[in-house]
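Novice: Sequence:
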Amino acid sequence: MASNDKWRVGEFGSRPVRVANCSGYHGDPAIEMYKQATLGDVDFITGDYLAEVNMANNAEAYAKGQHPGYEATALKGLELSIDAIADKRIKVAINGGALNPEGLAVKVAALVAEKGYNLKVAYVSGDNVLPKLGKHMPQNRESALAHLDSLNDHVTLTPETYIFAKGGDEPREIVSANAYLGAHAIYEAFQQGADIIICGRASDASPVIACAWYWWSWSNTSYDELAGALVAGHLIECSAYVTGGNFAGFDAFDLENFVDPSFPITEIAQDGSCVITKHEGTGGMVTVDTCKSQLVYELQGDVYINSDVKAYLDNIEMDQVGQDRVRVHGVRGAPPPDTTKLALFYKGGYEMQALFNATGHNFEQKFALLEKQVRFHLGEEKLSHLDFLEFQRIGVPAVNPANQNSGTVYLRIFAQSTKVEALQAIMMAIGSISLKHYSGFHSSLDFRSAMPRPYLAYYPALWQQAKLEEKFHFVDGTSTTKSFKTTPPPRFEIMEERASYDTKLPTALGGGAIEVRLGSVALGRSGDKGANLNFGLFVDTQAKWDWLRSYMSRTKVQELLGEDWRPEFSIERVEFPKIFAVHFVVYGILGRGACDHCRKGKVRCDGIRPVCGRCQGCGNNCHYADVDKPDPRQRRSKVSSQNSTDDSIEAESFEAADASSSLLSDSAVVQTVTHPQLHLDAHNEFHSFTESSPCHTLTATDTSPRDTIVGSNGDMRYFGPPSGISLVSTTTPRKSGQHTPESWSKWTHPSVEPLFTKRVMEPLPSWTEAFSLVSEFFAHEHQVFPCFNAPAFMCLLGQQYSGACTESPAWWVSLNSVLAIAQRRRAEAAQSAEAEDLAWAYASNALAGTWDVLMRSTQLSSVQALLAIAWFFIGTPNPQPSFMLVGCAVRLAHSIGIHVESQAPSVSPAEANMRKKVFWIAICLDRELCLRTGRPPCHDLNAAYIVPPMGTLDETEIIKTVEGLELNLFKGQIQLAVIQSAIYQDLHSGKAPPTCIADSVADLLQKLENWRIEFAPTLTHDSAGRCEHHGLMRLYFSYYNAVIVVSRAHSLTYWVSPNHPAASALPSKMRDSIENCLNASRCIIELSKLIPVTRKSFHWDIISIPMSAVVILCIMAIRNPMNEFATNDMRSVGDVMHIFKTLDEAYGSTYLTQVQKVCQELYRKAHYAVQSSNAQSVGSINVETPALQDNQKESHQTHHTDNMFEFNLDAFEQSMPYPLPMVWDLDTSLWTSII
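Heads up: the sequence shown at position 419 corresponds to 419 in the UniProt record's numbering, and the numbers run straight through without jumps.
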């Protein structure tokens, strides 16, 4: 890009400047920046990525080094667009820097340097004022910063606004405090030659103001022009909101117009007027109505305030000047106020919510009964610890419903407290109600949102502009190089009283009247700012305007609000007569003013004076204190924080597992119950599994040939038909959770007891951190490894941190395994060795509890625990523990009898389903390891078999492919495991047929092909497709490995014989098998290259499979170096060898060190053979040795013509947890003949 004095020569400052918007919030697709840069001509691209919520939500994670601080979509957009930006000389100003504008700027500067472009990158700082505020909110109201609405005469504030200052609580920790910056710094950075400017919390329109200001070289007192640019920025900053998104009048047009509205462009003239438009030929539309809709969105009256200027909108005009072109003018400007908005977030405590349904009539009485029951079981003491408790009725059932859905409404219980246990008591109260509930009671059993989770409270404040330390800085690819202070606004102006009025000359509305929807006459849009609602209405003709301005008075709005209106509210009304629009702000309606009794009981008050409806119905003495109106922004703006400072759990002794450990699996299976009676059954199962019942004695009256006997602590023992104990069973069918008084597994010798002391290698993380990690586990790993029931796991997690935790060793192992897996994923994303060490510390906690699980804990949760820690070790440089742990899990599954269909009539469908699921997870892992290692499976499916739970797999296990196809990963794993069992049995076990192997191979390949069609339709025999969900990619590797194992069994002679025949001399079916091996190997290598090298755990998981592919392709290259694919094969093998080398160097002294030496030598010989063959074909030989490890290079260069390769196969085998499939079929003499 040329320097600024040569930028846009002949155009700069001589025509309207074209400014495009590429983002309205952090979730807008990054590709929109590329579209704005390439679909037409623009001078600037701006983007608004921020809301208070996403900045605060990321603040704690950023402070701990677990988040980059900037918005990822901003960086991605620049990566996609940088070539077009440089080529078309487009300048950029975005606020995607968020909490870390410098970090994003350095990233962008490095990208620019890598591309070799002459672009200057800058960033703006000064919005973060947290260091000036201290760590905590003040503990008295007088010390608090002035509230944003404190200067508005229409608004008064309640003590609830200052909940952080109530007595008796610990100080509330501040999480983030960011002031809204204006356009000055961006403008001055452009003046200093910046091409790309990264901002933090710049106000939404500031980048657009700066672009026009720089283009037209306005002075900082050109208030009319700056105000016009402010309105232009407001109109385009919400991306598609001005081109058809969120447009109330959409139904008057063809819906195709709104399928994919494009993002807007503004053309700003020298006088500050603008034209709103979009790129020609793109979706959506720009009309006067779409522009009016965006104008009235989130206004606060007829004065729009920015840190640089005030814009008066009372005379604003809009004209349609062409297709998708609207001119906006008539805006006046004035100096800004001396304050700016400050978004301040602090830790508010914890919150929960739960939804319950009612079907049929009298739903209000049903919900009133549930509320009374919950309050009764909570009691006054627990209620006193709740900051907020609300029972919200949602919806009204149809009078004569056509189906159950239209006759169903919801009750939302929402609560907040600084104490986790106070919120947990609510769901305990629901449990205590049990079958005493109202008729037609039902709900989803997914209670994840009912688990207490932290939230952040919002306090919008005022901050003096004079206190801002605003700067802009230039950066290179590594750090800041030069910094400049920003010039503040030259003058400020005190804010005058806000206007509010009814129309001055109303039109008489006499005569006949008809009743119509307001939306049939007018269009509108609403928004919210804290506790206040704003909305604008507009029409398109003078006659309609005369009616609208006369009809829609403040009194009429109050009337239309109906029961939602409260006397404490106030309404602000202004008009924009030249665009036929009226605008309202209703202060306080998003909060509630309550009487003393309702406030004390923390219930919603209807606000009726002098006696509210609730007090009238209960006979209470109703009294309203003279308090200010509530501002519930601290309730309305809540997000989950990532960390807290909860004390870690100290080491304690393990005791026998209690019944609550079954919550990991049996008692709370996620399901959506549509019929009330079905819910009653599930509800009964829930409680029967968590409460102890009278025990039963053992007798010999049951004729069942096998049974599972349950001990006093929930531990189980299965005895099959050969066992004499199988003749003894319970006299009465066992209920879930009913036990014999004896324990089957508690006894140990005193010398062994110290092993069972819970050893805490790493303290558990804080509650918020643990909640975040566990949530990430279920979000990313559950589809691949659905071993736990998410709501039940979350329930136990809450108990763990509330002091009511189970002492089950299985729970301890499961929890730490889940933490380790999730933490490892974080570490790989951040490429942090410290974070990876923390993952291993949690894994150490889990390993410390495995002795107790193996020796004294025989429950379904024990099997889950062993599988979870095995799942962690599968993705490590030492997978050996996973083999042992999976084997132990299978044996433990045998011990408790989940490998057979339960014959106990009391076993619920939910319990039976989870037993099947856990068993088949063990089988899937066992079969995968069996085929990779060539070792026998731990369970013979022909000896004892439980039907896979195919018909009961839930939606949480479904993923979508790149092409939108929905797949159930667990179902795919099960079906592939069955095929893998057949492969081992038919080809490698003692039962394998001695003859007709070709028929077995053909049958197995057909089964694999059928599996591919159902679960991997994008895969072909010679193409590995695209990068998909990591669980699906794992299945792809397993599928191709199975193809190799089957095909190699048929063509083994070719691969291992020293005197192999030429391929052309082999039977056609054997040649097909050889080709299958080669094609599958190529696809495996192609897949390997799709996996980022940072996903080390994934590479360690599947590494034996690309090893096999490398060996096959190298042997083929040595035997037939002139085949047409040999050169490309060696290039691909080299890529995979680089992955091997990277992993080996990252850890060192793993089995991969030895494997790499073997594969590297084989690769070198194959590479040599192929290059020699190619050179001979052109009459000369000039062979290059492929890149090797540094410590091997000298040796290989010296001896690359040797005919012998010394290799100790026995020593090599001892270092290998996995056998290398092709290497293991070769003896030492054959290595000599090949290499």
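Careful: at least some of the hints might be erroneous.
[What the hints assert, rightly or not] Here are the simulated EDC-like cross-link-like pairs (lysine to aspartate or glutamate), alpha carbons at most 16 Å apart as the crow flies: (1) LYS135 - GLU170; (2) LYS578 - GLU317; (3) LYS544 - ASP302; (4) LYS1069 - GLU1161; (5) LYS115 - GLU142; (6) LYS135 - GLU102; (7) LYS419 - GLU351; (8) LYS88 - GLU11; (9) LYS35 - ASP260; (10) LYS115 - ASP87; (11) LYS419 - GLU371; (12) LYS35 - GLU102; (13) LYS960 - GLU1161; (14) LYS6 - ASP87; (15) LYS419 - GLU807; (16) LYS64 - GLU836; (17) LYS1141 - GLU1161; (18) LYS341 - GLU469; (19) LYS504 - ASP314; (20) LYS578 - GLU381; (21) LYS471 - GLU102; (22) LYS132 - ASP546; (23) LYS482 - GLU102; (24) LYS971 - ASP999; (25) LYS372 - GLU351; (26) LYS504 - ASP546; (27) LYS436 - GLU381; (28) LYS419 - GLU381; (29) LYS578 - ASP540.
[Said to hold, decoys possible] Pairwise CB distance ranges, derived in the manner of DEER restraints: (30) ILE958 - ARG412: 20 to 30 Å; (31) MET884 - GLY360: 55 to 65 Å; (32) PRO131 - GLU79: 49 to 59 Å; (33) LEU561 - ILE494: 27 to 37 Å; (34) PHE492 - LYS64: 32 to 42 Å; (35) PHE492 - GLN139: 49 to 59 Å; (36) ILE958 - SER479: 40 to 50 Å; (37) GLY322 - LEU130: 40 to 50 Å; (38) SER434 - LEU560: 41 to 51 Å; (39) THR478 - GLY65: 12 to 22 Å; (40) ASP83 - ASP999: 21 to 31 Å.
Since the hints were made in silico from the structure, they are not lab data.
In this text, a Cβ means the ideal position worked out from N, Cα and C, and glycines have one as well.
Novice: Which of the numbered hints above does this structure break?
Specialist: 3, 4, 5, 6, 11, 12, 13, 15, 20, 22, 24, 25, 27, 32, 35 and 40
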